[in-house]
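Line by line, the protein sequences give chains D and S. Numbered according to the working numbering, the first sequence terminates at residue 648, and the numbering increases by one at each position without gaps. Numbered according to the working numbering, the second sequence terminates at residue 222, and the numbering increases by one at each position without gaps.
Keep in mind that a hint or two might mislead.
Examples of chain D residues toward chain S, derived with CB under 8 Å [unchecked claim]:
#: 1; residue: E169
#: 2; residue: L390
#: 3; residue: I547
#: 4; residue: R548
#: 5; residue: H624
Quick list of the computed label-pair ranges, beta carbon to beta carbon [unchecked claim]:
#: 6; chain 1: D; residue 1: W576; chain 2: S; residue 2: L146; range: 30 to 38 Å
#: 7; chain 1: S; residue 1: E100; chain 2: D; residue 2: S210; range: 42 to 50 Å
#: 8; chain 1: D; residue 1: S210; chain 2: S; residue 2: A164; range: 26 to 34 Å
#: 9; chain 1: D; residue 1: A118; chain 2: S; residue 2: Q64; range: 13 to 21 Å
#: 10; chain 1: S; residue 1: N185; chain 2: D; residue 2: P83; range: 30 to 38 Å
Lysine to aspartate or glutamate pairs mimicking EDC-like chemistry, simulated, CA-CA at most 16 Å apart [what the hints assert, rightly or not]:
#: 11; chain 1: D; residue 1: K512; chain 2: S; residue 2: D81
#: 12; chain 1: D; residue 1: K512; chain 2: S; residue 2: E67
#: 13; chain 1: S; residue 1: K95; chain 2: S; residue 2: D155
Quick caveat, the hints were computed from the structure, so don't treat them as lab data. It should be emphasised that the depicted structure is a prediction, and the values quoted were computed from it without experimental measurement. Even for Gly, the Cβ is constructed at its ideal location relative to N, Cα and C.
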Amino acid sequence: MGATRFSAGLTSLLLMLAGGCSKGTPIGASADAASKVYVAPGQYDELYAFMSGGFSGNVTVYGLPSGRLLQQIPVFSQYPEKGYGYSEETKALLNTSFGFVPWDDAHHPQLSTTAGEQDGRWLFINGNNTPRIARLDLTRFETDETIEIPNSGGGHASPFLTENTEYVVSATRFSVPTPQADVPIEGSKFGGMLTFVKVDKASGHMSVGFQIHMPGFDYDLSRSGKGPSHGWSFFSSYNTEEAKTLLERNASQKDKDFIAAVNWKQAEQCVADGKAKPWPTRYAHNLRDVNGIARTEMLADEPVLEPKDCPGIVYFLPTPKSPHGVDVDPSGEYIVGGGKLATVLPVHSFSKMQKAIADKAFETEIDGIPVLKYEAVNACEVQKPGLGPLHTEFDGKGFAYTSVFLSSEIIKWDLKKCVVVDRVPTYYSIGHLMIPGGDTRKPYGKYVVALNKITKDRYLPTGPDLTQSAQLYDISGDKMKLLLDFPTTGEPHYAQAIPAGKIRDQQLKTFALAENHHPQAIKTEKDAKVVREGNKVHVYMTAIRSHFMPDNIEGVQVGDEVYFHITNLEQDWDVPHGFAVMGALNGELLVMPGQTLTLAWKPDRAGIFPFYCTDFCSALHQEMQGYIRVSPKGSGTKVLFNTGQ
Amino acid sequence: MSAITVTVATPGSGVVAGEGTMAGQRPMPGWTRVLLAGTAIALLTTFVAPLWHIALKAPQYPEGLGMYIWSNRITGDLRSINGLNHYIGMKTIHPEAIPELRFMPNIVIGLVLAGLLAAGWGRRAGLFVWTGLFTIGALVGLADFWRWGYDYGHNLDPEAAIKIPGMSYQPPLIGPKQLLNFEATSWPGLAGWVAIAALLAAFGLCWLEWRRGRLARS
């Protein structure tokens, strides 16, 4: 018996050595991994995974456990494939107080929850650069709304929603003068803003509820309470040194930074009691209407609360050292701080925090915000978490899983006993990790996905820029087992996953033509027309396999603004038509069945220009084309249009 | 009702002369009349369910397309089917241009009323005549359905994109048939099955009545 165990141990040691030495051996993968991730042709995956597309500005949708890419949803960036941000209907979604900002850095997807459980209604995601939050519809997998976050620099701790999706939040990662001002960088007092964006229960529409004006730290990540801690939100912070230069050193001096605990229910009350002051500001709110047309409203004056005017809304929990993640366990009791420069993983207790507040166990006060005593709030410290612990997710079975960046591993630890029970390497440098539902009250468990920053030698090399990558681990047993590596786009910061059954059957197949009330929609080919209004020419065009109506257009002049309003008359699933016209300075359209979209085109020279369908729609797709004649400015060419005559 | 007296008297009285005319005069027992009335009323299903269903399946349409023919309308993926049919030059199916869909409901109502009248009247002749009318109606209906199918399948636009010599696209009256990349399958819909059952029931009733009459005579 002993000999067997010894030889087994030796074999695995040898295997590890072999794995370490020779390329081609699947490092870390277990022998039966293939069967666990194999989804036979035509079969469906078990879960939808929504991954942030990082600096692509998109959300990518993967199937798990196969790791197959299912869809890319454009959010904060123009996306030529779908004409997103190019069509007249979608452009406004990218508007900000700075104007049209066609790129952002998407970080943290969040699936809406009710009573702390995924409800499959919406997906929220933040843009970090020009702080924004977007709401995506999960019946169409489209961005429906974006809202700019005012008075902020870097919306990183976002959108991390509250238990019933009452709010999505955003906190300043790069503190700035609040309000903005032309001041010397060094020596000026900056401020941080915690923003609570209200989400309408029925429509999902977002509006800035209120902001809390905080000291000028860097606010990093956030989670809201669950169950007993519902009504509170937690924000990690670093750079409590308030350094403005060379932060890698200057922001790493203190042993402890803070987790800010915010009583948002009380804050709501203070706002209702008139304790907030309106700040002059300007920010954009962009919303798609029922016809899919996005419009921008510029807003101003939203309520800002000073913590000193509303005592009890914020407390600081000292947390070692430059904490990154702040994660709340499914019971709502434990708040785990990922101190990325810390040697331990601190676990705070919500009930201890409540008691510490009642006992006024304060260490000091910063700008009217009490700092609670570390011992009074800390439940335990997980020893030897590895180097650079970042984020924690939960399996709902009493275990927590923490990503550890520097030592490039996932640790599994017992939440009650506060001890590490398993660890597994990641390839390489894991950032976030994700257990399906692992941030909710009801984790799905079964898998953990590592979202890695570096891939190095894991894939065929593709020049200096290598793919990003995710790794799937089986966590159904005592030991974590690596199942699969799969490439991802952009830098996948965070991700969310949901059992497929929760949203699969609500997918829209086509837009009902009868319910298309787009003002430029036409429902039959008989209504196709070309209308000149001054130097604007509106082409009301239909697309159906395999022709456009009209497909011959004359009477356009150089310098005109031509608007192609394309209605896809199809009512069949998976028959989009594309539309592209030569010399267009924007992009193409991809029009779903029953939908109307508009492409603007400004011809700069006379001649005959072809247009065609870009999405292979039918056997005669190649014939789905037409011509538009452009005459010199002031020419007498009459407006003519036809198909087939 | 004096008619009953006459019929009841018939078997015993041994009156057989003029059977051809007298046979139709025989009254039916109550349950036959109830069944006849029920059979007639069952035809009202045509107002709540389709008569016929043509299913189309192709590699590009794993979920299938369907067309439901009712007594007064055509439903289903007509729009998509018309869209596909234009490639082979088939005429667009406009339900409003098919006059049958306008008068078929009247025929159905007429049949139902006639069946009820026959049941109320209570004579075998009513049953026989009604069954005859129903049979003719059903046959004419099927023939007409076939004729429309033939017309749509054969009278094709000579300028159609897809022209295959010798190929026609008449949908099957019943059962499966391959039409290019589509497998078309035609079966009665719920109301069609009810109508078939009703017709069989009517035949059954006629046979029972005919046998009862013969037994009574012998």
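Q.
Tell me the hint numbers this structure goes against, listed in increasing order.
A. 1, 2, 5, 8 and 9
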